[in-house]
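Visitor: Residue-level listing of the chains:
4 protein chains.
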Amino acid sequence: MNTFGDTFTFTSFGESHSAAIGGVLDGVPAGLHISLDMIRDALDRRAGRHQTSNIKHQTSACGVSQRALRETDEVEWLSGVLDGVTLGTPIAFLIRNRDARPEDYEAFKHSFRQAHADSTYEAKYGIRDWRGGGRASARETAARVVAGSIAAQLLAKQGIQIKAQLIQVGDETRPEHFDELINRYRAEGDSIGGIIACEVTGLPAGLGEPIFDKLQAHLAYAIMSINACKGFDYGSGFDGVTLPGSIANQHSGGMLGGITDGTPLRFRCVFKPTPSTPKAGVKGRHDACVAVRAVPVVEAMTALVLANFAGIL
Amino acid sequence: MNTFGDTFTFTSFGESHSAAIGGVLDGVPAGLHISLDMIRDALDRRAGRHQTSNIKHQTSACGVSQRALRETDEVEWLSGVLDGVTLGTPIAFLIRNRDARPEDYEAFKHSFRQAHADSTYEAKYGIRDWRGGGRASARETAARVVAGSIAAQLLAKQGIQIKAQLIQVGDETRPEHFDELINRYRAEGDSIGGIIACEVTGLPAGLGEPIFDKLQAHLAYAIMSINACKGFDYGSGFDGVTLPGSIANQHSGGMLGGITDGTPLRFRCVFKPTPSTPKAGVKGRHDACVAVRAVPVVEAMTALVLANFAGIL
Amino acid sequence: MNTFGDTFTFTSFGESHSAAIGGVLDGVPAGLHISLDMIRDALDRRAGRHQTSNIKHQTSACGVSQRALRETDEVEWLSGVLDGVTLGTPIAFLIRNRDARPEDYEAFKHSFRQAHADSTYEAKYGIRDWRGGGRASARETAARVVAGSIAAQLLAKQGIQIKAQLIQVGDETRPEHFDELINRYRAEGDSIGGIIACEVTGLPAGLGEPIFDKLQAHLAYAIMSINACKGFDYGSGFDGVTLPGSIANQHSGGMLGGITDGTPLRFRCVFKPTPSTPKAGVKGRHDACVAVRAVPVVEAMTALVLANFAGIL
Amino acid sequence: MNTFGDTFTFTSFGESHSAAIGGVLDGVPAGLHISLDMIRDALDRRAGRHQTSNIKHQTSACGVSQRALRETDEVEWLSGVLDGVTLGTPIAFLIRNRDARPEDYEAFKHSFRQAHADSTYEAKYGIRDWRGGGRASARETAARVVAGSIAAQLLAKQGIQIKAQLIQVGDETRPEHFDELINRYRAEGDSIGGIIACEVTGLPAGLGEPIFDKLQAHLAYAIMSINACKGFDYGSGFDGVTLPGSIANQHSGGMLGGITDGTPLRFRCVFKPTPSTPKAGVKGRHDACVAVRAVPVVEAMTALVLANFAGIL
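Those protein sequence lines, which keep their order, are chains H, Y, E and A.
Residues in the first sequence are numbered from 64 upward in steps of one, following the working numbering.
Residues in the second sequence are numbered from 64 upward in steps of one, following the working numbering.
Residues in the third sequence are numbered from 64 upward in steps of one, following the working numbering.
Residues in the fourth sequence are numbered from 64 upward in steps of one, following the working numbering.
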């Protein structure tokens, strides 16, 4: 289904070629002043309109596709907000798909066969179902970013800060070399994966619930629901397998027994290289490293999980 | 909360020192012949009464605690089963905690401070709440194994087989050397982590749902809810970060766009070394590698997820 | 929360004075041809643009407020439908609040104190929260009607027909006298309640689940969530209390043990008179009998419940 | 399914002829002292071991079946409670079915065809499924009563009191004449329906949520899930249909817009006469008015709903 959360829920809608994508965010308390700039910033990062590292450079260097750059992602607010302040009612918003024209749609029909989830969507819904092409598209994550930014602003009022960043591209772990490596793969018509680390500070101890509402379980669920994500770990994680207990357990990752311990929460996730590359026969400019644009999506899903748990508390 | 699943639900109860642990499994169709032997086998593996590898050897070699070996785990069936056949009604079962005596309880009071999740449970529930000591205990996973075995038997009737195994202990990847390594850590009063790989064969293409019910998201949620689990990945996973798209995408792990593609489903998970070691001041025989006993728990949670999705289909 | 259902879900949004009201309907299979005429018809009936009985007469006779008549209720489709056919993805739609201008908003501020749920909304959300005025408004039911009509069309493909009608106004049970009675109350600046009966034909036996998913329990939940509804019964209902078992049990209402028995499903619901009357100090034309316009809302909620159960089956 | 509630959940299990019935109550905070006497009292009332009215008289006068009187309903606590105090963990309990012997089982096979929900259960589960006979039995409500009593005790600590009583049997509304009327129907081998009124005092204003979590909607759902219940109304209810708005709206029933208004909550529900009578061919002593024993079940379900909402707040 397309609804996330229990007490703080986000319902997502829209195909890449429908009139709009968007969502409904339910459970936001009344009185929150929403910063549109923060939402804009997160959307820009998702669209690849920001740099990947601290070094100033052209966006085009990130290997971002033309389509992404054309997306202007103007958010239209339908309900739940008045004069920039939340009403406590469901917040509905949409982002128009500006280039959703019939001729695009034809192109979509043909590109359908090359998209990531085509074969599985066909198996599930049958050949006449367009659910795959439009819904499996990463465009859907823009709605997550809008909703997640509101959740993050709510958390920020409680002193909780979420910060994700790209820490590895291929075997490169030096941020100042990421663009160079990504551009190299792009030039070769190929793509490469990346690892994102996320840190949350300011969390109170005690968030999370035994035994099936462990915080790390819900985070893993949320992060693994992002397109192209192939793994999640926290604290000592997979690398900790070689450490003896006397050392590994110094890296809790901020959660013990499924509950926050008051120290910074730290997790990682890995994104596979996109399969839609010139090398694989897909023409046009492509995202050579989708992990770049996944950073604000990881932050968004983290915010949605934490707001949901904060609501439970 | 302590209920897992939507249409095929498992509700778990019991503390390590209460009268019993157990569970209620709801959504099992009528007419399934339950093999008690298969449940017994899974419980034995969870209790460390089996070997870790294919090589025949003494259970005691696995570094399993005395308490685990004393657990006889006799399942008492309360409802939902008649003459070994399911009725379609909720299946309730319990396993008595045979050594739940007052004097044990006193010991529990004192050992409370050393258990894994003590500090977080105290932060959450307050010092007078015993939820931590009893509920955070890995004993709870025995109920998961019973429920998961029934789910697995249901799946087996549809030709779906789940098989997990320990593939790494510390930096050792040769199964025939696992016991030796584990015994070494045990002798040193220390502990070590492990990685479990799980493979599911016989799955039809089409299981899983966009965008928040992706199969890998639910699997990650389920697996990360197991005690001591610190990470989950599938297909190319974390290791795939160094591979170019042209190679990495040959390893789907059986799911694309959150939906099974008809090939074997493959995921991994990592378990941290237990912090309750002689080196950390906890006396008595200890589990030097909890990943050993987690293998049937990983299978159980996988079965619960898949039975839930099969129900949705 | 504002999401209804489990496997066939409807998420509603919008205040009476926000930019739009609308909803997201999730779980509709691909390939359904949507009749916009049927949706239009249901919306017209909700807006009071139809007659109350079989006798042809002017809409204005029904005591419908001017505001209702001004609502044109044009549905804008955002996603999930292409060329009038469902895609299997979430169907998002909106209806603009055409007269949502600042000056209206001022009026809204003042009328806030007279609305039905004002005191309780204030108790819950605090005085600065506009949730009440806008969200408690019956305008929200237009979104239910759109979603319910799609559900009804889905059910109709399976031969299931839902038909609600007003059977009592005050103590009057002759439909041809309803308008006269309603007009009398309106002329007096007062209002009157009504009873709606709903019949569903074509349901297969076997819909519903023990013990908490009994079909009548879900129907009661859905119907009682409609504004101004004060009661629900089915089969022999409240009136059956005076009948001996040998007679009363001939009126099952189509459900036994919470499960359909293959006979027509029959239930009733009662709507209180609106408290917003000239007599109570609220100026302007008013709905003298809100039950009139509730008929298509009752049908809509019934359809949503049944589509959800059909999905479970 | 067999789980009720979201944040305060009750999972029920057990057939009338399985080893036990029982349940798991999740979400009860730690530190509640449980009064076993109050649970005993509620179970006794459900079993017909109390009088129907304030006038002292023999239980046997109520037309209660022999089987009900034989039920001793001893509750065995499995987890979640220590020395009579809740631990914050799931509270699991069971009540043995003392006469669940093979020979009884044979009888059950034959009586199966006469039980209330037989035809619908057969339609749903097929002839070999025993779900109907055992699970549809009113015996299941004993587990609801245990769970509901704990919820009621939790609410009582916050000053919330729930009191249900039989207010009508057939057309008789004078309590002191109920037994006489019931006995008359019993003597004739027939049965009669009854209406129960429930009042809740001490509720704070503000409980309930728009638009689908209106308190009356959840109450209706819970009450309509009780065996033999055919209707629910609150405040002015069905009788209010004849009253003009200027009068009817003085009877809110304690809820406006789905949210408590701080006045006593008042609702009614109606129970049909049992179809299992000598007149219908079912031999042996029978419950001539099942509404008598439904009183504590109505209180129990009300308590479960309110505890769930209190948890949401």
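Treat the hints loosely; a few may be bogus.
Unchecked claim - Partial pick of chain H residues on the chain E-facing surface, computed with a CB cut under 7 Å: (1) Phe76; (2) Val138; (3) Ser142; (4) Thr152; (5) Pro153; (6) Ala201; (7) Arg237; (8) His240.
Don't read these hints as lab results, they were simulated from the structure.
Just so you know, these numbers come straight off a predicted model, no measurement behind them.
Cβ atoms here follow ideal geometry from the backbone N, Cα and C, with glycine treated the same way.
Visitor: Give a verdict on every hint.
Guide: Hint by hint, here is what the structure shows:
{"no.": "1", "hint": "Phe76", "result": "holds, 4 Å"}
{"no.": "2", "hint": "Val138", "result": "violated, 12 Å"}
{"no.": "3", "hint": "Ser142", "result": "holds, 4 Å"}
{"no.": "4", "hint": "Thr152", "result": "holds, 5 Å"}
{"no.": "5", "hint": "Pro153", "result": "holds, 4 Å"}
{"no.": "6", "hint": "Ala201", "result": "violated, 15 Å"}
{"no.": "7", "hint": "Arg237", "result": "violated, 41 Å"}
{"no.": "8", "hint": "His240", "result": "violated, 40 Å"}
The structure fails hints 2, 6, 7, 8 (numbered hints given earlier, in ascending order).
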